[in-house]
Amino acid sequence: MTFELICFWVFASVAALAALTVISVKNPVVAALSLVLTFFSMACVWLLAQAEFLAVALVLVYVGAVMVLFLFVVMMLDVDFSVVREGFVRFLPVGVLVAAVMLTEMLMMIGVRSLKTPVTEDPAVLAGMSNMEWLGQTLFRDFLLPFEIAALILTVGLIAAVTLTLRKRTGTKVQRPGLQVMVKREDRLRVIKMDAVGKGEVGP
Amino acid sequence: MMIPFNPADLIAIQPELVLLGATCAILLIDLFIKPSQRDITHWLSIATLALTSYLVWRGAPELSSGVTAFNGMLLHDGISVVLKQFILLTSGLSLFYARNYMRERSLLVGELYLLVLFATLGMMLLVSAGSLITVYLGLELLALSSYALVAMNRDSASSAEAAIKYFVLGALASGLLLYGMSMIYGATGSLDLATITGKFGQVEHPGWLAFGLVFLVCGIAFKVGAAPFHMWLPDVYHGAPTAVTVFIGSAPKIAAFGLAYRLLEGGLGPLSGQWTLMLAILAVASLAVGNVLAIAQSNLKRMLAYSTISHVGFMLLGFVGGTPAGYSAAMFYIISYTMTATVAFGMIALLARKGFECEEIDDFKGLNQRSPWYAAIMGIAMFSLAGVPPLFGFFAKLLVLKAAIDAGFLWLAIVAIVFAIIGIYYYLRVVKVMYFDAAAEETALPLPSDVALRWVISINGLALIVLGLAWGPLFDWCNRAFGV
Chain P
1 MTFELICFWV FASVAALAAL TVISVKNPVV AALSLVLTFF SMACVWLLAQ AEFLAVALVL
61 VYVGAVMVLF LFVVMMLDVD FSVVREGFVR FLPVGVLVAA VMLTEMLMMI GVRSLKTPVT
121 EDPAVLAGMS NMEWLGQTLF RDFLLPFEIA ALILTVGLIA AVTLTLRKRT GTKVQRPGLQ
181 VMVKREDRLR VIKMDAVGKG EVGP
Chain S
1001 MMIPFNPADL IAIQPELVLL GATCAILLID LFIKPSQRDI THWLSIATLA LTSYLVWRGA
1061 PELSSGVTAF NGMLLHDGIS VVLKQFILLT SGLSLFYARN YMRERSLLVG ELYLLVLFAT
1121 LGMMLLVSAG SLITVYLGLE LLALSSYALV AMNRDSASSA EAAIKYFVLG ALASGLLLYG
1181 MSMIYGATGS LDLATITGKF GQVEHPGWLA FGLVFLVCGI AFKVGAAPFH MWLPDVYHGA
1241 PTAVTVFIGS APKIAAFGLA YRLLEGGLGP LSGQWTLMLA ILAVASLAVG NVLAIAQSNL
1301 KRMLAYSTIS HVGFMLLGFV GGTPAGYSAA MFYIISYTMT ATVAFGMIAL LARKGFECEE
1361 IDDFKGLNQR SPWYAAIMGI AMFSLAGVPP LFGFFAKLLV LKAAIDAGFL WLAIVAIVFA
1421 IIGIYYYLRV VKVMYFDAAA EETALPLPSD VALRWVISIN GLALIVLGLA WGPLFDWCNR
1481 AFGV
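As given, the protein sequences belong to chains P and S, one line each in that order.
With the numbering used here as the guide, the letters of the first sequence map in order to residues 1 to 204.
With the numbering used here as the guide, the letters of the second sequence map in order to residues 1001 to 1484.
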């Protein structure tokens, strides 16, 4: 057993266990943190497969940004997860059955034997360059057009989000820094003359 | 695989680049104009579509044999030229029909135009896609814009419901398509449709291809709205603002034809023995579900949605032969359907007022006494959808039926004719309501202030007669595109 194989088994089993934790623990924060651990272990597995860029991207994007946001949401929304998880045990047999049927179907369709060899050779190794260099060449030269269309899709997502959420309702509270800066003392403070309170009115 | 960037590729996608550039310009211009000046955005969008159409037409003659660009990612041939022209035409028509309707409801925002233009761009990329990844990205660009358009009327609960349904089922359909594509990629090791066809003989695991094919057909059926994957269609057509229904009910259907053609014939042509049978089953189911359920509808938009399902069934008749002549008939059919559907949906948008949607069939009662001209236009559209000679829809039906019989699917043609006759009932019911029922109010119909709308819908309606009488040139054009 080589060192790489030992590493693979360790990372893969950590990933599988952490994934199991995600769906079985009661505390949503623990579940989210377990998901981070799953992503991290998978990144390590990808490193072993020499997909450095994907591993780094997974850690940076998913662990660094998406999961942190997700943790914020989980902590702020205060969802009662016990309600969401209700029926987990009751529907477990059905879920296991469906999962087993799908797994058998896939294994029969694809064939366990064919899993032993990769479908194609690693193109980066064939081209004699590093994974990162090959990915860059592929993404920005061979797949330039799809890359640009994907950018357009993101633009449409942005426009759609603004269209659907931006609205000027009456009574919304907004800050207008320009007006705040221009404010004068007279706008906020009014000095009024009052008669001094007479001595006699003070209580005995 | 490492092919350096070729500047000539930019010339090949010139129409798309111009459309994109102009859309971005409109995005910026629209920020600086007042809501009362929204007409500027409107006419700029129309001009952009017209310019793009001109560029597609100008680039067409030299493309008779077809060229590829960006390593085969894009494919420009006669088919893409015809499809793009009609996508641009129907998108432009739906912008004309939308303006008045959206303005009356204070929904006429610049984003309406932007989303339609981006959706048009997605459709153009989709119909000239030469690779699985371009197919998917073009489709998503179209779909994402459509979801937002449906949800545009934020104060309407039914719009929100329609948008959520559309989004969830659309995402599911995209997932099915992607899963099928991944299987095909796994089997052939290529995303390029031409390479996939070429590698067909030497595939190590033909089972993967068949597995992927089933998912692709399901995904395509979802997107075109063929039964039994049609559940989203009536709700979305009904819930969306009528002006948006005009758009999503027309141009995307042409793009869906392109999607089916590129994936099934372009990529999996050698498997046609298997997918023609699947499409035949989908066609029968769509014809039955569409025509029978349309009878039960009292809402015109829902009725037209079910009629769309049945027309998709008719379009699929052209596919069952797996021959260029059949695809040509199917393309002619889908063009004829969209040209007619724009009139039918556009008329609902034209007759609607603020606070009155005019979408129930009963709302059309006595339309002839109130406005004989619009009753006549709507009547032409209904007769054309029903397939009454000598209108556009009749010849389209004739040609797909002939294609199905030529392919040896005589039983399918007989089923289609039986359901077409059932379908005539509900189209004629609209005509009967317009001409023979008494109007709820006797006053003359208040005409919309938008003169362009009145002219465009009249020309669109009369075109159904003209194209019905002189359908030869258009059919020749379709045939030439497929090299028949």
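Simulated from the structure, these hints should not be mistaken for laboratory data.
Be a bit skeptical, because a hint or two may be false.
Every beta carbon over 12 Å from chain S, so not counted as near; a handful from chain P, in silico [what the hints assert, rightly or not]: (1) Ser13; (2) Ala18; (3) Thr21; (4) Ser34; (5) Val68; (6) Phe88; (7) Arg141; (8) Asp142; (9) Leu152; (10) Val162; (11) Leu166; (12) Thr170; (13) Arg185.
Pairs of lysine-lysine residues, derived as BS3-like cross-links and limited to a Cα-Cα distance of at most 30 Å, are as follows [what the hints assert, rightly or not]: (14) S:Lys1354 / S:Lys1034; (15) S:Lys1034 / P:Lys168; (16) P:Lys168 / S:Lys1354; (17) S:Lys1354 / S:Lys1365; (18) P:Lys184 / P:Lys168; (19) S:Lys1354 / S:Lys1432; (20) P:Lys173 / P:Lys184; (21) S:Lys1165 / S:Lys1354; (22) S:Lys1354 / S:Lys1402; (23) S:Lys1365 / P:Lys168; (24) P:Lys173 / S:Lys1034.
Computed from a predicted model, the values in this text were never measured in an experiment.
Note that CB positions come from ideal geometry on N, CA and C, so glycine has one too.
Hints versus structure:
Under the 12 Å C-beta cut-off, the non-interface status given to Ser13 (chain P) relative to chain S holds; the minimum distance is some 26 Å. With a closest Cβ-Cβ approach of about 25 Å to chain S, Ala18 (chain P) is found to remain outside the 12 Å limit, as its non-interface label requires. Listed as a non-interface residue, Thr21 (chain P) keeps its Cβ farther than 12 Å from every Cβ of chain S; the least gap is roughly 26 Å. For Ser34 (chain P), the condition that its CB be more than 12 Å from all CB atoms of chain S holds, with the nearest at approximately 25 Å.
Listed as a non-interface residue, Val68 (chain P) keeps its Cβ farther than 12 Å from every Cβ of chain S; the least gap is roughly 25 Å. Every C-beta of chain S lies more than 12 Å from that of Phe88 (chain P), the closest at about 23 Å, which supports listing it as non-interface. With a minimum CB-CB distance of about 6 Å to chain S, Arg141 (chain P) fails to clear the 12 Å threshold, and the non-interface call is violated. Against chain S, the non-interface label of Asp142 (chain P) is violated: not every CB pair exceeds 12 Å, the least being about 6 Å.
Leu152 (chain P), annotated as away from the interface, has a beta carbon of chain S within 12 Å; the closest lies near 6 Å. Distance check for Val162 (chain P) against chain S: the nearest CB is about 7 Å away, which does not clear 12 Å, and the non-interface claim fails. Residue placement check: Leu166 (chain P) does not keep its beta carbon more than 12 Å from all beta carbons of chain S (closest about 9 Å). Here Thr170 (chain P) stays apart from chain S, with its beta-carbon at least about 14 Å from theirs, past the 12 Å limit.
Distance check on Arg185 (chain P): its Cβ is at least 36 Å (rounded) from any Cβ of chain S, clearing the 12 Å threshold; non-interface status holds. Under the criterion of a C-alpha separation no larger than 30 Å, the hint pairing Lys1354 (chain S) with Lys1034 (chain S) is consistent with the structure, at around 22 Å. Distance hint between Lys1034 (chain S) and Lys168 (chain P) is fulfilled; the C-alpha atoms sit about 15 Å from each other, no more than 30 Å. Proximity of Lys168 (chain P) to Lys1354 (chain S) is assessed by CA-CA distance (about 21 Å); at most 30 Å being required, the pair is judged to hold.
Straight-line distance between C-alpha atoms of Lys1354 (chain S) and Lys1365 (chain S) comes to about 19 Å, which keeps the hinted pair within the 30 Å bound. At roughly 27 Å between alpha-carbon atoms, Lys184 (chain P) and Lys168 (chain P) fall within 30 Å of each other, so this suggested pair holds. With a C-alpha separation of about 26 Å, the suggested pair Lys1354 (chain S) and Lys1432 (chain S) falls inside the 30 Å cut-off, and the hint holds. Pair hint Lys173 (chain P) plus Lys184 (chain P) holds up; C-alpha atoms about 21 Å apart against a cutoff of 30 Å.
With a C-alpha separation of about 26 Å, the suggested pair Lys1165 (chain S) and Lys1354 (chain S) falls inside the 30 Å cut-off, and the hint holds. Only pairs whose Cα atoms come within 30 Å are accepted, and Lys1354 (chain S) paired with Lys1402 (chain S) is rejected, the gap being roughly 45 Å. A hinted pair counts as satisfied when its Cα atoms are at most 30 Å apart, and Lys1365 (chain S) with Lys168 (chain P) does not qualify at roughly 39 Å. About 24 Å separates the Cα atoms of Lys173 (chain P) and Lys1034 (chain S), which keeps this hinted pair within 30 Å; it holds.
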